[in-house]
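**Q** Chains as they are written, first to last, in the numbering used here: chain Z, 1 to 106; chain U, 1001 to 1147.
Hints are all accurate, no fakes.
If you anchor each label on the Cβ, the simulated ranges turn out as follows: (1) U:Thr-1023 - Z:Leu-57: 30 to 36 Å; (2) Z:Gly-94 - U:Thr-1058: 22 to 28 Å; (3) Z:Thr-106 - U:Ala-1029: 47 to 53 Å; (4) U:Asp-1048 - Z:Glu-62: 16 to 22 Å; (5) U:Ala-1025 - Z:Val-105: 47 to 53 Å; (6) U:Gly-1036 - Z:Thr-98: 29 to 35 Å; (7) Z:Ser-100 - U:Pro-1024: 38 to 44 Å; (8) Z:Gln-25 - U:Asn-1055: 15 to 21 Å.
No lab work stands behind these hints: they were computed from the structure.
By construction, the Cβ of each residue, glycine as well, lies at the ideal position given by its N, Cα and C atoms.
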Amino acid sequence: MARAILTVPAKARVGEVVEVRALIQHPMETGYRSDAAGQRLPSDLVRRVECRFDGELVLAGELHAAIAANPYLAFALRVPHNGTLSVTWQGDRGFTHTESARIDVT
Amino acid sequence: MMRRRQLVLAPAAALLCRPAHATPATLQAAIEAFTGGAPLREGRIRLDVSTLVENGNTVPVSLSLDGAGGSGTSDAVRRMALFTERNPRPDVAVFEFGPLAGAPRVATRMRLATSQTLVAVAQMVDGSFWQHRVQVIVTLAACVEGG
Chain Z
1 MARAILTVPA KARVGEVVEV RALIQHPMET GYRSDAAGQR LPSDLVRRVE CRFDGELVLA
61 GELHAAIAAN PYLAFALRVP HNGTLSVTWQ GDRGFTHTES ARIDVT
Chain U
1001 MMRRRQLVLA PAAALLCRPA HATPATLQAA IEAFTGGAPL REGRIRLDVS TLVENGNTVP
1061 VSLSLDGAGG SGTSDAVRRM ALFTERNPRP DVAVFEFGPL AGAPRVATRM RLATSQTLVA
1121 VAQMVDGSFW QHRVQVIVTL AACVEGG
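Okay, chain U solo, but in the shape it has when bound (with noise of 0.2 Å):
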């Protein structure tokens, strides 16, 4: 539940919050910065994520490759990469596996400014890429910009 100080400060946070956000173009940018251009398949990776997200200052993301029984061994994957439809800018992290990587996942926590697509791409060893696009609603946005 609210309580009354949050309801009154929810309308001033909303003003100060009022993004100016990545657009789907420089989203399409971010990954050709990370692909290189190379062709982006459906599949292999897998974002788990919160499809209903109340408060965007601290959201748990997971990703993973989605192997066959749903564990792929680390050797397969060389980066994992993270990005936004409408953060202010489209990258949230880029991840590189090494020879020690138990497993190919990585979980961390991040800031969503608005409800919105997220992307996340893998390239595996053999060069490929893959992505998987997620679409969440945020009730509360995360404050990453001023007004």
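Same shape as in the complex, but just chain Z (with noise of 0.2 Å):
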């Protein structure tokens, strides 16, 4: 199972904007290098990430192999009430992984 970080406040006002930062543990294998044997490897790629607030969406990326392994993210959200966070990835192989964070308003 992959590893994630989520980074967000736990706590905001209501309305402001607070920094997300997403980090995931992935190879990001491009499918244009070769091993040792010359073997070319296959390519293995987050292809598609998603970001929503209570299912409303705050950001989506579209990826391709040029993002840098362990593809991290930072962008900002704009808390409109108490809720959560979730960022999902999905990849090659059936590769699918969620993080969540709650936020609440104060």
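Both chains are sitting in their own frames, so use the hints and assemble them into the complex.
**A** What follows is the structure, encoded as structure tokens:
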């Protein structure tokens, strides 16, 4: 199972813009490289990432081989109310991982 | 400083990583696939990346709107895309901003196969497209392709 880190503040004011940082452990194998025996390494990529707050879209990304291993994203979220931020990564070989974090407004 | 082992491996890595790269033509095709052939103007979007990159394997890049006072509203931009001229493929990423995006910006880390031009393109809510091109010099290339 992949390891992922999702960093957001646990508390925010209503309407506050907070920084979200998301990192997932993944090789992002390009499919262009060969191993020591000359065998082409098949591509193994995270293709899509979606960040939603209680189902409403914050940011979606379509990723390609030029994204570095262990894809990292940083972006801004406007917190409308209490809720849960979830980030879902999807990729080759049925790869899928969701990481969630609760944000309470004060 | 390079250690001895890195000195020995560097030429081998250079041979293994020799890229059959994208060309200005494929870059142009990728950008047109994003814009749908709409006119592309300079400005609005800002691509932040170090112009001298030591390690092409993980290069921080940041896309943002270059609005009035440096902070545009997030509802002005619909999508942002990043393209490369000389990686094996021109596409890097496409980001779509939703209603809860707090600011028109996103940062990530990318690979650079060699010194080249990066192109950031923004699609605004009004349908206009804007670009920012940055030339970067890479001293250690990303091993994106085997020999």
